[in-house]
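Residue numbers (my numbering), protein chains in the order written: chain A, 1 to 435; chain B, 1 to 90.
Hints are computed from structural coordinates only; laboratory data are not their basis.
Cβ coordinates follow ideal geometry from the N, Cα and C atoms, glycine included.
A portion of the hints provided could be inaccurate.
[Said to hold, decoys possible] Straight line, CA to CA, 25 Å or less: simulated PhoX-like cross-link-like pairs of lysine-lysine:
| hint | chain 1 | residue 1 | chain 2 | residue 2 |
| --- | --- | --- | --- | --- |
| 1 | A | 207 | A | 176 |
| 2 | B | 26 | A | 172 |
| 3 | A | 35 | B | 2 |
| 4 | B | 66 | B | 2 |
| 5 | A | 35 | B | 66 |
| 6 | B | 76 | A | 172 |
| 7 | A | 176 | B | 66 |
| 8 | A | 303 | B | 26 |
| 9 | A | 303 | B | 28 |
| 10 | B | 76 | A | 35 |
[Unchecked claim] Residues from chain A that face chain B, not an exhaustive set, calculated with beta carbons under 10 Å:
| hint | residue |
| --- | --- |
| 11 | 266 |
| 12 | 314 |
| 13 | 319 |
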Amino acid sequence: MGVVSNLATWLANNIFGVPTFLLMLIVLVGHILQKSPVEKVVSGTIKAGVGFLVINAGSSVISTSLTEFTNVWSVVFGLQPASYLDQSDFIGNFGSTVALIMLFGFLINVLLARFTKFKYIYLTGHMMWWVSLIFTGVMVNAFPNVSKTLLICVLSPVMGLYWTLQPALTQKYVRKVTGTNDVALAHTVGIGAWLAGLCGNLFAKNKKDSESINFPRSLSFLRDNNVVTGLVMILFFIIGTVLVMFQKTDAATELLASSGDQSFMIYGIVQSLTFVAGIAVVLAGVKMFIGEIVPAFRGISTKLVPNAIPALDCPILFTYAPNATIIGFFGAFIAAIVWMAVLGTAAGYVFVPSMIVLFFHGATAGVIGNSTGGIKGAFLGGVIIGTIVPLGQWLCLTYFIGSTIPATAAWAGDTDQFLLAPLISFIAKLLSSLF
Amino acid sequence: MKVLCVCGLGQGSSLILKMNVEDILKSKGIYADVDNTDASSASFERCDYIITSAEIAESIRNVNAKIIIVTNYFNKEIIGAEIAEIFEGL
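Make a model of the complete structure from these sequences and hints.
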């Protein structure tokens, strides 16, 4: 008995408690179940482990450079500079929990698709990772002593339900865009996209389709997220710094002197690019392990749910209305800048313009808004995203995730995550009074 | 042969495209190393073919690779027809 329980404890501490090994184990089993050739089993398992460690490395780079950005705009708005560093060990602590929530949540999604009328299988792996991570951050923020078992028991069914119902919610509009019921949308733009489709109906009369106009081709650089994020962060940093230079306050002088011998402007530009570099590193890491997990997930689902409808990442819709993606993005960006000014002056909060979120969510809302309301619908869809994201980021960072992973929520937090965070936080608070 | 499937972020849709391209090439009896990546990296990775959408293709400058444009990421029949040059030349 002693040997067995010792072995169990050892396994719990050293395999299941170490996220890197747990992910490698999940990938290993996935490859074996798919009967992958040996070299794929080995390379896939190693890549999953490396990918996970890469995420950790990138996260700290992001937190540091993001603090510099927030400092500048805090001075502009006359706020106390608030550095919201991520708990650097959060992913190390809860990474295994997040991985298991993804796994069990997905299995619940498969079961629901097998036995209910909702036949959607959620296959956007990186979004599964982000939403599980953010919700874990929200639960731990509301209930700091929550056990990992309870986290898994609560969030797995929540995620399973979300991954089944979100594609169902948007399917009416996805059918309208794609003209087929063979594919669904699996993305956290979900509720925002649904609102975009709904509100687009306001302009249904005499609508002008976005694809009937000619758009300059030079705008194609907007599709490279490294370029867009870098450009916008540099511009915001320069504008912020210039505004600070006009201020005669102590805080302004102190900030401009903080870069030492180097010009603060140059220092800021490098920090802006460091932020982009951090995101690129994190995304490279996520890609490495998600790329190994998703094929296994797809393999499982096609065996168990023969008439499944695969729910896929939002760019599958972009090819149907490329102009609408740009219009939606502009709508989201313009609205977000307006909200940045409003939140800075009225709420004392510096909005982090999370360009990846604004682009992909704005673009998807644009395509869906265009399907019901043409060009105006596409723009309004973007504006809806550009309103939910800034307000959501402010409320989420202030009330729902401030003590755990605020920097992650600032650059990667998005529409449905922010809309559902209060509910998750409420559930956690309720549980904390019971346990 | 190395094939690179590309989408903006290199995360979701390029992975789906990669799995579909792998299936298609396998069904034609072709062994290829298929990978997925983002728009920035695609210009610098060494490969024989880049498969992506028309909009993303605009921002890729890769001298070594032949760029193939697809209009769909998930329908194997459409993708198969659009990437036919990969297996027809062989």
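Hint check results:
1. The straight-line distance between the Cα atoms of residue 207 of chain A and residue 176 of chain A is roughly 15 Å, inside the 25 Å bound, and the hint therefore holds.
2. This hinted pair does not check out: residue 26 of chain B and residue 172 of chain A have alpha carbons roughly 34 Å apart, beyond 25 Å.
3. In summary, the hint linking residue 35 of chain A to residue 2 of chain B is supported, as the alpha carbons are separated by about 23 Å, within the 25 Å threshold.
4. Annotation: proposed proximity of residue 66 of chain B to residue 2 of chain B holds, straight-line Cα distance about 11 Å (limit 25 Å).
5. For the given pair, residue 35 of chain A sits about 32 Å from residue 66 of chain B by alpha-carbon distance, which is inconsistent with the 25 Å threshold.
6. Taking the CA atoms of residue 76 of chain B and residue 172 of chain A, the gap is about 23 Å. The hint holds against a cut of 25 Å.
7. Pair hint residue 176 of chain A plus residue 66 of chain B does not hold up; C-alpha atoms about 33 Å apart against a cutoff of 25 Å.
8. Restraint check: the Cα-Cα separation between residue 303 of chain A and residue 26 of chain B comes to about 19 Å, which is no more than 25 Å; the hinted pair holds.
9. Taking the CA atoms of residue 303 of chain A and residue 28 of chain B, the gap is near 23 Å; set against the 25 Å cutoff, the hint holds.
10. About 22 Å separates the Cα atoms of residue 76 of chain B and residue 35 of chain A, which keeps this hinted pair within 25 Å; it holds.
11. With its C-beta approaching chain B no nearer than about 23 Å, residue 266 of chain A sits outside the 10 Å limit, and its interface hint is violated.
12. Hint status for residue 314 of chain A relative to chain B: holds, with the closest Cβ pair at about 8 Å, below 10 Å.
13. Interface hint at residue 319 of chain A: satisfied, since its Cβ lies 5 Å from the closest Cβ of chain B, which is below the 10 Å cut-off.
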